[in-house]
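So the sequences go chain by chain: F and Z.
When the count follows the numbering used here, it moves up by one through the first sequence with no breaks and lands on 636 for the last residue.
When the count follows the numbering used here, it moves up by one through the second sequence with no breaks and lands on 337 for the last residue.
Heads up, some of the hints might be wrong.
Said to hold, decoys possible - Across the chosen pairs, the derived CB separations fall in these ranges:
| no. | chain 1 | residue 1 | chain 2 | residue 2 | range |
| --- | --- | --- | --- | --- | --- |
| 1 | F | 494 | Z | 304 | 56 to 62 Å |
| 2 | F | 497 | Z | 157 | 39 to 45 Å |
| 3 | Z | 103 | F | 122 | 43 to 49 Å |
| 4 | Z | 155 | F | 305 | 26 to 32 Å |
| 5 | F | 497 | Z | 10 | 52 to 58 Å |
| 6 | Z | 85 | F | 264 | 27 to 33 Å |
As the list claims (entries may be wrong) - Straight-line alpha carbon distances no greater than 27 Å define the calculated DSSO-like cross-link-like pairs of lysine-lysine that follow:
| no. | chain 1 | residue 1 | chain 2 | residue 2 |
| --- | --- | --- | --- | --- |
| 7 | Z | 111 | Z | 61 |
| 8 | F | 497 | Z | 288 |
| 9 | F | 311 | Z | 161 |
| 10 | Z | 284 | Z | 301 |
| 11 | Z | 32 | Z | 111 |
| 12 | Z | 161 | Z | 139 |
| 13 | Z | 333 | Z | 288 |
| 14 | Z | 32 | Z | 71 |
| 15 | Z | 304 | F | 497 |
As the list claims (entries may be wrong) - Residues from chain F that keep clear of chain Z, each with C-beta distances beyond 12 Å, as calculated:
| no. | residue |
| --- | --- |
| 16 | 78 |
| 17 | 203 |
| 18 | 567 |
Hints are computed from structural coordinates only; laboratory data are not their basis.
A virtual CB, placed ideally from N, CA and C, is assigned to each residue, including glycine.
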Amino acid sequence: MTATSRLTGPGWYRALWMSLLGISFAFGIVTAIRALYGWDPVLDGNAVLTVALLATPLFFLVGLGGFDYWFYWASGRRTRPEDHSGHGAHSWRDYFRINTDHKVIGIQYTVTSFFFLLVGGLLAMLIRAELAAPGMQFVDPNTYNGLFSVHASILIFLFIIPVFAGIANYVLPLMIGAPDMAFPRLNALSYWLLPIGGTMMLISFFAPGGSFSTGWTAYAPLSTEVPVGQLFFTIGVQFAGASSVMTALNFLVTIITMRAPGMSFWRMPLLVWANFSTSLLVVIATPFVAASQFFLLLDRALSFGFFDAGKGGDVLMYQHVFWFYSHPAVYIMMLPGFGIISEILAVKARKPIFGYRMMAFSLLAIVVLGFTVWAHHMFVSGMQSWIRVPMMVTTAIIAVPTGIKIFSWLATLWRGVLRLDTPMLFALGFLTMFVLGGISGVMLAIIPIDIHVSDTYFIVAHIHYVLFGGSLLTIFAGVYYWFPKMTGRMYDERLGKIHFWLTFVGFNATFAPMHLLGVAGMPRRVADYAEQFAGWNMFISIASFGLGLSTLVFLYNMAASWRGGPRAPANPWRALTLEWQVSSPPPVFNFDAVPTVVGGPYEYGVPGAVHGVFKEGAEVPQPVGAAAGAVSARKE
Amino acid sequence: MLTLGVLASIAGVAIALAIDWFPQSASTQAKKVDSLWDIVLVISVPIFILVLVVVLFCVWKFRQRPGEELKDGPPIHGNTQLEVVWTAIPALLLVGLCSYTFFVLDEIEQKDPDELVVNVTGEQFTWTFAYPSVRAGRKPLASSQLYLPKDRPIRFNVRTKDVLHDFWVPQFRMKIDAVPGITTQVRVTPDTVGRYPVVCAELCGVGHATMRQVAHVVEPGEFQRWVRSRQRPAGGAAAGGGGGQAAADGRAIFTGAAGCGGCHTLAAAGTSGQTGPNLDQVLKGEDKAFIRESIVNPGAKIAKGFGPNIMPENFGQTLTPQELNALVDYLSKETQG
Numbered sequence: 001m002t003a004t005s006r007l008t009g010p011g012w013y014r015a016l017w018m019s020l021l022g023i024s025f026a027f028g029i030v031t032a033i034r035a036l037y038g039w040d041p042v043l044d045g046n047a048v049l050t051v052a053l054l055a056t057p058l059f060f061l062v063g064l065g066g067f068d069y070w071f072y073w074a075s076g077r078r079t080r081p082e083d084h085s086g087h088g089a090h091s092w093r094d095y096f097r098i099n100t101d102h103k104v105i106g107i108q109y110t111v112t113s114f115f116f117l118l119v120g121g122l123l124a125m126l127i128r129a130e131l132a133a134p135g136m137q138f139v140d141p142n143t144y145n146g147l148f149s150v151h152a153s154i155l156i157f158l159f160i161i162p163v164f165a166g167i168a169n170y171v172l173p174l175m176i177g178a179p180d181m182a183f184p185r186l187n188a189l190s191y192w193l194l195p196i197g198g199t200m201m202l203i204s205f206f207a208p209g210g211s212f213s214t215g216w217t218a219y220a221p222l223s224t225e226v227p228v229g230q231l232f233f234t235i236g237v238q239f240a241g242a243s244s245v246m247t248a249l250n251f252l253v254t255i256i257t258m259r260a261p262g263m264s265f266w267r268m269p270l271l272v273w274a275n276f277s278t279s280l281l282v283v284i285a286t287p288f289v290a291a292s293q294f295f296l297l298l299d300r301a302l303s304f305g306f307f308d309a310g311k312g313g314d315v316l317m318y319q320h321v322f323w324f325y326s327h328p329a330v331y332i333m334m335l336p337g338f339g340i341i342s343e344i345l346a347v348k349a350r351k352p353i354f355g356y357r358m359m360a361f362s363l364l365a366i367v368v369l370g371f372t373v374w375a376h377h378m379f380v381s382g383m384q385s386w387i388r389v390p391m392m393v394t395t396a397i398i399a400v401p402t403g404i405k406i407f408s409w410l411a412t413l414w415r416g417v418l419r420l421d422t423p424m425l426f427a428l429g430f431l432t433m434f435v436l437g438g439i440s441g442v443m444l445a446i447i448p449i450d451i452h453v454s455d456t457y458f459i460v461a462h463i464h465y466v467l468f469g470g471s472l473l474t475i476f477a478g479v480y481y482w483f484p485k486m487t488g489r490m491y492d493e494r495l496g497k498i499h500f501w502l503t504f505v506g507f508n509a510t511f512a513p514m515h516l517l518g519v520a521g522m523p524r525r526v527a528d529y530a531e532q533f534a535g536w537n538m539f540i541s542i543a544s545f546g547l548g549l550s551t552l553v554f555l556y557n558m559a560a561s562w563r564g565g566p567r568a569p570a571n572p573w574r575a576l577t578l579e580w581q582v583s584s585p586p587p588v589f590n591f592d593a594v595p596t597v598v599g600g601p602y603e604y605g606v607p608g609a610v611h612g613v614f615k616e617g618a619e620v621p622q623p624v625g626a627a628a629g630a631v632s633a634r635k636e
Numbered sequence: 001m002l003t004l005g006v007l008a009s010i011a012g013v014a015i016a017l018a019i020d021w022f023p024q025s026a027s028t029q030a031k032k033v034d035s036l037w038d039i040v041l042v043i044s045v046p047i048f049i050l051v052l053v054v055v056l057f058c059v060w061k062f063r064q065r066p067g068e069e070l071k072d073g074p075p076i077h078g079n080t081q082l083e084v085v086w087t088a089i090p091a092l093l094l095v096g097l098c099s100y101t102f103f104v105l106d107e108i109e110q111k112d113p114d115e116l117v118v119n120v121t122g123e124q125f126t127w128t129f130a131y132p133s134v135r136a137g138r139k140p141l142a143s144s145q146l147y148l149p150k151d152r153p154i155r156f157n158v159r160t161k162d163v164l165h166d167f168w169v170p171q172f173r174m175k176i177d178a179v180p181g182i183t184t185q186v187r188v189t190p191d192t193v194g195r196y197p198v199v200c201a202e203l204c205g206v207g208h209a210t211m212r213q214v215a216h217v218v219e220p221g222e223f224q225r226w227v228r229s230r231q232r233p234a235g236g237a238a239a240g241g242g243g244g245q246a247a248a249d250g251r252a253i254f255t256g257a258a259g260c261g262g263c264h265t266l267a268a269a270g271t272s273g274q275t276g277p278n279l280d281q282v283l284k285g286e287d288k289a290f291i292r293e294s295i296v297n298p299g300a301k302i303a304k305g306f307g308p309n310i311m312p313e314n315f316g317q318t319l320t321p322q323e324l325n326a327l328v329d330y331l332s333k334e335t336q337g
């Protein structure tokens, strides 16, 4: 490869000079316009930064090659037949390039998200260090506000939402018997938007005036007044959000059009159902958070005054638009986890999912109801008070489909043969902890209680029981469960169990006392607090350090097992779903022969049952008994 | 398992009710919120215990034993009756709970013709309380401390000068956001004499954690005495050169009434706030006029390393002239060594 082709071909060299070009573009256009209109000063750092934050990532993506094929096609040249040379990863370097293989992208997504989990977790450690005692110890109030704002934004937009997209990216096409996602190039682009959004949020700490410091909610008008660090959130969220929407569209089209023969909707594994529901939520809701942040951007950059009461703006409208996304976002962060749990419980309890159709219907019910509850975040916001009552009722009612899922999982366990390995422990841990998060959620729906505890540590406790006790435990369960499929290696079971118990105990010791603090009157988002809360805060900080350290066990297990764990068989869990019927890791194009689906995904205990067969027209030819799934794994 | 579940539920409810959840209750609303809380606990704790007991029972009873590695469970696909039951019962419970809540909500937000109106104004990072029905000179009586007569229904009209704030007295259990452009309302009937914190519960910037004031609930007679003491024209004391009578205690104002110590470090007062500049350093060698201007008009000269609009600009209104004199004297004395 010549030096010129290195600079002009897609890749990091081109991305680098294109990024510099993007920065110069922002600098040039802003300065030119200001000079043209005679504005003083001609050189405005904030204005340049605003345009640079929007433009540089796009230049970077063009440089990296994210748009190459489309530009080629759009310019009217003859289309190049896809030779699939970009599929698969041959060395670690392939994970740092534009790659259209859903399995590579799935790993890119998952590993990137876990990197942001570690960063977000470290920020939490700093928060807890500051909160260990009343008064200010390590950071000043502005930095503190930045710490919790970046902590929440990173973990929501760069960990929980994308890690589910990553796991599903890897597993979902395999599960429905597809060779890849419907739009592989779009898939690659949606991945590469992610590190851009995350990097932007992290480097905000170097912005003049500190990072964005208005919480992940960025309520106006505070967010239109604080220093320029706020923009790194406002614009970073646009990239993360665009990534979400593209992936969701991709999942929807893949699920609707690329299922294997015989895979009717009612034969889809519940993880597929869960991602179908989640994608509906993402496609409908995410544009609202984009809108709320674009409004903020226009308020900040061009003084539109959407949220400036002095200019006739409406401050409460920000909250309505924001929560119209951000409440469904809670389900975006939970439904894929429900899917993971359904897969694991059926396989590890060796029983069919109890009430499979109700499980699918309850997902759809949550999607619909999820759009009718947003204003329960605004019971004390000063909005029209009558809105509170219908929102309370819908919020309470959404517990019904959630309850159906919980009870169906319990019934799935009943009389099963429970294999209590690491994924199962995390799944059971989720089942109990998520119920607590759900119950505190119903308590928060009760308006008089919410009036007292909103904006207190009770909220902090609730959201961590939902997103840590709920989402994160399902993510750990899923990562352990599919680790053999993704890497072709087995993880260390003993370390996995140690990780579970440290996490489970550390989690409860950290977040359970926060319920008490909140009801007792400690507000959230404060760097300093009254003396009476000192005891519990010290306890929580110590517990949280233990919780943080437990992650090291997980990291070591993942890294060591990926490098040198024992080779994984195709189907170590004796599961029936299609991803386990191919080798670990799967062949480059997933299936050497197109599978035909002949039954439900969870027919455990049904003699001779299989979910998919790999011979054209074959009618369940496999031996009877539990090993049926494993045998059908090897074609011929 | 059923017996175990029932026993565990009873124990769980007993523990949940035994926990002293709330801070002291100081309003009629608080009593109703607290009993609603207990009802919610009685309903919800058994649901958690039920799930927990079933999970633990399954783990104990149905776990895979050695030799069962290839065994499967029975192929039970569902049970319509059971599914109807666990859809209907939670739905009924929740609808019932919501209906009951509706009545509680109606009760705690009752209007009263006899209510006393207090205008609450939030700004970064302090509160001002004004009593439109009580005149002090030509203007309504205003104060940085909230005084409320016991057993009188109060309507707070809440406004803000800048960003969102939230007016909350945990002992009253009621809170409401202060929203730019509109006036929000919250009603409370204080019923216990005492001193309670006024807390800002909505993130409002760097000084959010220090945006605290004090609410005093006092007997009606004492409230009238307080009103009269605030109405007295300030001229008399000022003319006397601040001499003798009621010499306000500068240190008490610094740490208490004005809340300076929340943001400022001052060695003599033992405060360590970091939101604003360290007064031991920035006031060193400055005269009283400078100190007075920095309190009344904080934007005039801003210490290096701090942004504008962080310190409230209302101390000129909320402190009486005597208090201001005392505070200036105190700061001058402590920082000039």
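Structure-based check of each hint:
The supplied range of 56 to 62 Å is met by residue 494/F and residue 304/Z, whose beta-carbon atoms lie about 57 Å from each other. A beta carbon spacing of about 58 Å between residue 497/F and residue 157/Z contradicts the range 39 to 45 Å that was offered as a hint. The hinted range of 43 to 49 Å is satisfied by residue 103/Z and residue 122/F, whose Cβ atoms lie roughly 48 Å apart. For residue 155/Z and residue 305/F, the hinted distance range of 26 to 32 Å is satisfied, since their beta carbons lie about 31 Å from each other.
As the Cβ distance of residue 497/F to residue 10/Z is approximately 33 Å, the hint placing it in 52 to 58 Å is violated. At roughly 29 Å, the beta carbons of residue 85/Z and residue 264/F sit within the given window of 27 to 33 Å. Pair hint residue 111/Z plus residue 61/Z does not hold up; C-alpha atoms about 57 Å apart against a cutoff of 27 Å. Annotation: proposed proximity of residue 497/F to residue 288/Z is violated, straight-line Cα distance about 67 Å (limit 27 Å).
For the hint linking residue 311/F to residue 161/Z, the alpha-carbon distance of about 14 Å falls within 27 Å, and the restraint holds. Annotation: proposed proximity of residue 284/Z to residue 301/Z holds, straight-line Cα distance about 15 Å (limit 27 Å). For the proposed pair residue 32/Z and residue 111/Z, the alpha carbon gap of about 16 Å is at most 27 Å, so the pair holds. Among the hinted pairs, residue 161/Z with residue 139/Z is consistent with the structure: their alpha-carbon atoms are about 19 Å apart, no more than 27 Å.
Pair hint residue 333/Z plus residue 288/Z holds up; C-alpha atoms about 10 Å apart against a cutoff of 27 Å. Taking the CA atoms of residue 32/Z and residue 71/Z, the gap is near 55 Å; set against the 27 Å cutoff, the hint is violated. A distance of roughly 54 Å separates the Cα atoms of residue 304/Z and residue 497/F; the hinted pair therefore is violated under the 27 Å criterion. Against chain Z, the non-interface label of residue 78/F holds: every CB pair exceeds 12 Å, the least being about 54 Å.
Residue placement check: residue 203/F keeps its beta carbon more than 12 Å from all beta carbons of chain Z (closest about 21 Å). For residue 567/F, the shortest C-beta to C-beta distance to chain Z comes to about 19 Å, beyond the 12 Å cut-off, and the non-interface label holds.
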